[in-house]
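2 protein chains.
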Amino acid sequence: MYLSVSSRLRTLLLCSLLLLGGCATMRPDALPSWSEGPAKQAVIDFVQKTTDTSSPQFVPVDQRIATFDQDGTLWVEQPLYAQVMFALDRVKDVVRAKPALANEEPFKTVISGDRAAMAKLTERDLFTIIAASEAGLNIEQYQEVVRNWLATAKHPKFQRPYTDLTYAPMQDAMKYLRANGYRTYIVTGGGQEFVRAYAETVYGIPPEQVVGTMFKINYEIRDSKPAMIHAPELFFNDDKEGKPVGINMVIGRRPQAAFGNSDGDQQMLEWATGGSGARLGMIVLHDDAVREYAYGPAAGLPDSHVGTFTQALYDQAKQKGWIVISMKRDWKRIFAFEP
Amino acid sequence: MYLSVSSRLRTLLLCSLLLLGGCATMRPDALPSWSEGPAKQAVIDFVQKTTDTSSPQFVPVDQRIATFDQDGTLWVEQPLYAQVMFALDRVKDVVRAKPALANEEPFKTVISGDRAAMAKLTERDLFTIIAASEAGLNIEQYQEVVRNWLATAKHPKFQRPYTDLTYAPMQDAMKYLRANGYRTYIVTGGGQEFVRAYAETVYGIPPEQVVGTMFKINYEIRDSKPAMIHAPELFFNDDKEGKPVGINMVIGRRPQAAFGNSDGDQQMLEWATGGSGARLGMIVLHDDAVREYAYGPAAGLPDSHVGTFTQALYDQAKQKGWIVISMKRDWKRIFAFEP
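Residue numbers (this note's numbering), protein chains in the order written: chain P, 36 to 374; chain W, 36 to 374.
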């Protein structure tokens, strides 16, 4: 009797263990920061149908390319792009190195600290400030200057380093894609060298997988050593029509998936999703004023010069089957530091 | 006795097998097309000291980048670069599509077939012909046109397809480097899209690892589909000072090793070998008139406009410790089709 009970118990225990084992072989949630819903499901469906060898939409591993815009897609872009913040902060160093600039615009205005005047700086002014933030430095020096700034600068709203302000759901998506043989590229309107300074640490994306706006870099012999020196001249604008062109320059393949958040990403999404087979286009809609920011003007949100997302893009997304990600509804948590 | 002999025999056989086993664990020659000598040894030494974790010159796998010029380094460049041959052959198609060009130079001269007049075409003329060979095609069409040409065109001296004329020792070196964690990139003065059309099949090098001269490519919507269209305008010249700049654009890392054969590769070799730790710079000297071509003028060989290798570069190589590869002495066989 004792043995019999014991044997029954053992069987029961074994079954339970097997059941647990069954549970353990189920994959853990690959996208834990996403709420359940169509956006999360679209990512999972896309990965499944392009990586299952029996799927008619199977994509060989060398063609698994996913491209991500950075500002507003992978991290916070409001109230101003991090690179603009960096360049504004760097004006004092630029002027220290070249004191004559103190009396020249737009540097004079930035040094004055007059916020009303600064708010009136034109795009051309900002470009001049960004170009000056790089000029004359060699590529290694510039990366060090960017890293030093990132180590100390704080975002005005969140009072945290900018590198804390990456979106956890996008980090999930990039890891999930990489775990399934996708190579993840950043394709940004921001500076290629600026983003390369932190992309590997912050996103796990190596320098050869960063496509961005390029300033002229000159090869020179300095102190009898070869050096690559930043010049204050635009070489390639990796925005709008420039994004597919930049993708072709650096990757030479059409992406299977593309993620963006603004009008600057429209052509990249068109190009990626315009190919045959399974394609994924996703656009982040910033509709969460509590946890992040709300701007649009898609879906009646206030307009923004930073990360403009027009109604036309919203309509195109609907028409083309691109998934509009509602930060409010589709993202369970936005930042890794949230409880 | 019988048993005893049998047992001795068995021991002997076992020992022989073990010895054979010992031989089998020794690596086969990784560079079978190279003659024994300092050039072959330099490649082996470089790989060993940069991949042995106990070496002070160990290089982490993500930094293992080797860059190769193409024309004259990976395949034959005489009597004219393959891309120039292609563009000349394509003139008739270009003129068929746009008949007005038949009366315009340099197309008129090419169509005339007058070899004396063709020999006088300037670099600017050749550029016009190359630009016209791409213009108006989308990137997929252009790659198909290049592949079709490669499938039928024959080299005037060897009477074989150009793709047969890659150097077996360089194919060995690329495979050996890749087997040791290196990523091999082509960095060519030739057209990026031209080389991408065959680099994967011919060298095992995927499109994202081809850096080359870039013509302007425009993103457009054609017949309501996104398209990338070649324009007849130079965007980036990946030669001389351009090579380190192109490397930075596409790779964003300084190579550990670089292989070239002409003055156009000087800056790439300077940049690659100017870094710290173990570095490898190699230059192919075409000194084998019997098996390939002989030109220089380094080492007293006749001068050439195609793949110019000046005495100044030769002197710099000696001074910087770059290895000059003598095709005659250092390469056991030049082409895979040799017996």
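Hint data in this document are derived by calculation from the structure and do not stem from the laboratory.
One or more hints might be untrue.
Identical chains share a label here; the pair holds if one copy fits it or two copies do between them.
[As the list claims (entries may be wrong)] Think about it this way: if two alpha-carbon atoms lie no more than 30 Å apart in a straight line, the pair counts; the simulated BS3-like pairs of lysine-lysine are:
id: 1; residue 1: LYS251; residue 2: LYS275
id: 2; residue 1: LYS355; residue 2: LYS251
id: 3; residue 1: LYS260; residue 2: LYS84
id: 4; residue 1: LYS275; residue 2: LYS192
id: 5; residue 1: LYS260; residue 2: LYS355
Being a predicted model, the structure only gives us computed values, none of them experimental.
Now the hints, each set against the structure:
no.: 1; hint: LYS251 x LYS275; result: both (20 Å within a copy, 16 Å between copies)
no.: 2; hint: LYS355 x LYS251; result: between (36 Å within a copy, 28 Å between copies)
no.: 3; hint: LYS260 x LYS84; result: between (51 Å within a copy, 24 Å between copies)
no.: 4; hint: LYS275 x LYS192; result: within (29 Å within a copy, 47 Å between copies)
no.: 5; hint: LYS260 x LYS355; result: between (52 Å within a copy, 12 Å between copies)
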